[in-house]
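There are 2 protein chains.
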Amino acid sequence: MPIVTFLPGFRKVEVSTSDSLMTAAQKAGLAINAVCGGVGKCGKCVMFHKSGRIRFDTERFREFFSQEERDAGAILSCEAYPEDDCQIMVPERTLIQSQQILMNVMGQETVLNPSIRKYYVQVQPPTLATPTSDLYRLLDAISGLDGPTSKQVYVPLEILRVIPSMLRDSGWKVTATIARLPAGYRMIEIEKGDTSSQLYGAAVDLGTTTVVAFLRDLNTGQVIGVGSAYNKQISCGEDILSRVNYSKRKGLGRLQELAVDSINAAITLAANNAGVDRDDICEVVIAGNTIMTHMLLAIDPSYMIEEPYVPVVRRSLTASAGRVGLSIKPEGSVFIFPAVSDFIGGDIVADIVASGMAESPDISLLIDIGTNFEVVLGNNEWMFACAGAAGPALEGGEVLFGMRANPGAIEKVSIDPATLDLRCETINGKKPVGICGSGLIDVLAELLRSCVIDRTGRINTTISHPRIRQGEYFPEFVLAWKDETGIGKDIVVTENDIKNLIMSKASTLAACIILMNQAGITREDIKNLYFAGGFGNYINKDNAITVGLIPEVPVDRIINLGNGAAEGANIALINRKMRKFVDDIAYRIGYVELNAEPTFMDEYTKGTFLPHTDLTLFPMVEKSLELCRLRVEAK
Amino acid sequence: MPIVTFLPGFRKVEVSTSDSLMTAAQKAGLAINAVCGGVGKCGKCVMFHKSGRIRFDTERFREFFSQEERDAGAILSCEAYPEDDCQIMVPERTLIQSQQILMNVMGQETVLNPSIRKYYVQVQPPTLATPTSDLYRLLDAISGLDGPTSKQVYVPLEILRVIPSMLRDSGWKVTATIARLPAGYRMIEIEKGDTSSQLYGAAVDLGTTTVVAFLRDLNTGQVIGVGSAYNKQISCGEDILSRVNYSKRKGLGRLQELAVDSINAAITLAANNAGVDRDDICEVVIAGNTIMTHMLLAIDPSYMIEEPYVPVVRRSLTASAGRVGLSIKPEGSVFIFPAVSDFIGGDIVADIVASGMAESPDISLLIDIGTNFEVVLGNNEWMFACAGAAGPALEGGEVLFGMRANPGAIEKVSIDPATLDLRCETINGKKPVGICGSGLIDVLAELLRSCVIDRTGRINTTISHPRIRQGEYFPEFVLAWKDETGIGKDIVVTENDIKNLIMSKASTLAACIILMNQAGITREDIKNLYFAGGFGNYINKDNAITVGLIPEVPVDRIINLGNGAAEGANIALINRKMRKFVDDIAYRIGYVELNAEPTFMDEYTKGTFLPHTDLTLFPMVEKSLELCRLRVEAK
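Order-wise, the sequence lines are chains A and B. Using the UniProt record's numbering, the first residue of the first sequence is number 1, and each one after it goes up by one. Using the UniProt record's numbering, the first residue of the second sequence is number 1, and each one after it goes up by one.
Quick caveat, the hints were computed from the structure, so don't treat them as lab data. Be aware that one or more of the hints could be misleading.
Covered stretches of chain B (chain A as the covering partner; in silico rule of three or more C-beta atoms under 8 angstroms from a C-beta of chain A) [unchecked claim]:
#1 127–135
#2 541–552
#3 591–603
In this text, a Cβ means the ideal position worked out from N, Cα and C, and glycines have one as well.
Okay, chain A solo, but in the shape it has when bound:
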């Protein structure tokens, strides 16, 4: 049975020779115009015959076409039948509606429009009368399939060298893979026969700790495999600063190698999951922070960790996989997200893409909190960003019983203001062994509501309750008694822990307020508040506002992006137009250097109160705390 391929989308369908091409198109999922119902009367179902044998009575339907259309192979698809495998071009006007494929990528809608395309072409062999070059005939056939024109395509030497034998050995039937790059098109491979169904790309989130790769079929846009790997650079230092220092001592080579290895490991897992040969992956899109992407490309990141903190390169980069060292198709391309500054990297730009905030007139605030925080404020017209050190407290560092979000970590806490009875939830329900970031925010908020701590974070040791006691160095509050825990000792939060937490949250809040001041907006103008990264997934939004980690906005405006970096990379992989857009975003963002910002210390100091010195910025929190106070006092 003949296989009919419909262009330009390369939809294939196997049909019998008695099926009309209109029927075939419908089986392939195309909605075809046919006012007359497919009886050769209305002339709306026009298509163009590109290759292969078909039956069609050109004379009978002459009147429907101009000479030019006839020359281009115009047919009425309801009256044409495939005799053999053939390629048929469907012009847009023949479709009931434009068949742009909208993809839902982790919550964001985008159009399927990858930068890599495959063209299966049946090249006309040369004759004495048409002795044009192999390359020209190949490119001519590609442009006949609605591909780029011959002059637009750059063909590297390596490909030129295989073209003559490939054409002849394949009986003049080859598949060319063409990448659309910022400055034109580039042929990245030529293969025998029809391989157009195998078109794969990977989106990679290159994190400091973990590397995640999503493998997608670029013909359908769907994820077909996911793989993740530790960032092997950890052997050169846990945090990114120590890795840069490692590179200063021992050179960049090892760090680059490890970054490349980690990405290759994640991609290999994803490819194995999908049962795809790694060599069939044509493209990788990578989002990572500025230092990580510098190290991946062996560009010296040293100057980013000293004043005045400048990256070598900010803009997006496109390089061949071979040059970067990635184990995909050697001439495949690698796209690396642009950065705004050394502290606002490609990962944050990808977060912005994932949020959609750069396309909306609504003002959004995007916050990524870890050891460092990054904050972006803006909409489709303007954007500001800043970054700074949050300190490790919100990730459990510098807190006596603080820990990362691992099993046994207290992640949710509620306290009865009357009895100070506690309810804890731990990760995986295990006996508590410590407390992680989201739990700490809860403790802070609940202690404040219970009037155990005041707005400066001091524990009221005049309250007589077994949970409130003087510890070795500081007053402390007991979260779990030793027989309840998995570590055989009481788990407490000390006044010093609380001070460290407040310092962390104060700097994040100050950053938000400085950007809001810069833009001249108030918290009421913020229509969406996005949490990027893992932190937002578990945090109690109410409590985050109560302690003044973030400005007060209605809770339903707070959205968890989750892994926004991965999501943004996936969107750019699927829709090449987003790549130009990410550069625009990166250029458009006004970076506010907090170290050079005179009001920062002042805003920071104001933020060291819970939630802030100025309660008019937190009116709902003020009311709620007042109610709590009354209730506690009434007790």
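Once you have looked at the hints, place chain B on chain A.
Just chain B now, with coordinates in the frame of chain A:
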């Protein structure tokens, strides 16, 4: 004494601090507008201060400039003085006339506009307040010198990797080398300090036998060194066909290597001549025949020697020197001339450039004769070309005493029709050892004028003269008696030699006539007839017409191009705009395949008469032969 550099042309001059910048500019050879005579009154001598220290009273001359101009550093050059090394931009309007430098390249005029530029920039170091990336600051400085804008320049990974240390180690003073490629700009090197005076490129004629390299200073356009080398591929076969057969047996690798080696050898000689480091050469432009350039790039040429004779690639190619294997700057670029067909190669396209025929409305005929002939007919609106085998006779092959144009070869011959006395000139004046192409044409013409041979080339053995005799196989004419020669035997031309010569000239003439018919023109329409290659340098133009090697045109319209391939390559090296033009030329030429041309055999047969069966095509020759006949008969 301060050195002042005038942009955008990078003209440098050393002057005293009491010389005004106008004086400095005049010393640097710039013609500056100064209606008031340089006394600060007319405001015509405006320049822009870009870097370094100068003295200029901005307030005093405030009225002459807009705020925007003042911000850009506008000064009146007659009232400004250098304090230290500085860079001054001279806008075009300040020059009395546009300072486009016209170069005379081997007889053709072209504009100095190389594709490679160097930009010496003093980059602003970053501060906390301006923490833009290294790359951006570098590119910004370049665009400030009238260079391409930041977004236009592609910077390969290898360069990105050295930028941060290079900027800091040089005190932020670097020279960036930027190539303009077909699809944008590419940074190919960054160096410490000011190296802008060292900007070199090479033009290469890649011949089957010889490779010639011209090294040029691209700041001035002048040739500073020439080198030539044998094409080392000769070890794989003397003629190009045997080399292609060698590649079929043993692969292309060796042939590529030898082509690269030969070019490197010629470039090295040229660089040594000029005292230039080979690594300072930024660009090479290469013109060669289609098979040679395919072999240079390791692209299989096999299919060019079998029907239907198709090259793999026709269009011009730009590749990095590293990928091609040339020993210049590794990121330097290599431009290879486009071909029209496998028989009309980049060497012929370069000939066309050298002739200027593609820019003129006058119709020209260009002929390159060797073992093969290539013929191009046309003007700035249309062009046709064809090629074919001339046979070796015109280069001395298949002729009993034929030889190449080496010392001792008879190169000029005249015969007294009355006495058949001979006057021969040999190359280097040595005793004759054989006869080369130009000598053979002379013999043919002179024997015809003396009625020793008839128009079919038969020797009239009825003439009783010692020089006319029956040889071993054929009748023959004695050119030199054995005691006059350097080989101890009589040097003769046989009737068979004459037959072979006529076959060679007949195919060349047929090609010319077919193109003329194709274009619908007559010999009177031909305004220029160019001989490319060595053949034209020595040939007697009158005799070439008399024997019917070329159509009859007035002799003063015949021009020897000499090494047109080298000339064309030099023009494209100096003026990058010609590169787009050569692709246009190559695309524009209609290639006429003589093997597929039904009238070829007919035209060829007509051409086997001297000069042609139809004497109305050679009216002057007819008259002159008639006069000769009368004179001989009157004797």
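Hint check results:
Judged by the Cβ-Cβ criterion of 8 angstroms, the region 127–135 of chain B is covered by chain A as claimed, because 9 of its residues qualify and three suffice. Counting residues of the region 541–552 of chain B whose CB falls under 8 angstroms from any CB of chain A gives 0; the rule of at least 3 is not met. Remark: the region 591–603 of chain B is confirmed as covered by chain A, as 4 of its residues place a Cβ nearer than 8 angstroms to a Cβ of that chain, reaching the required three.
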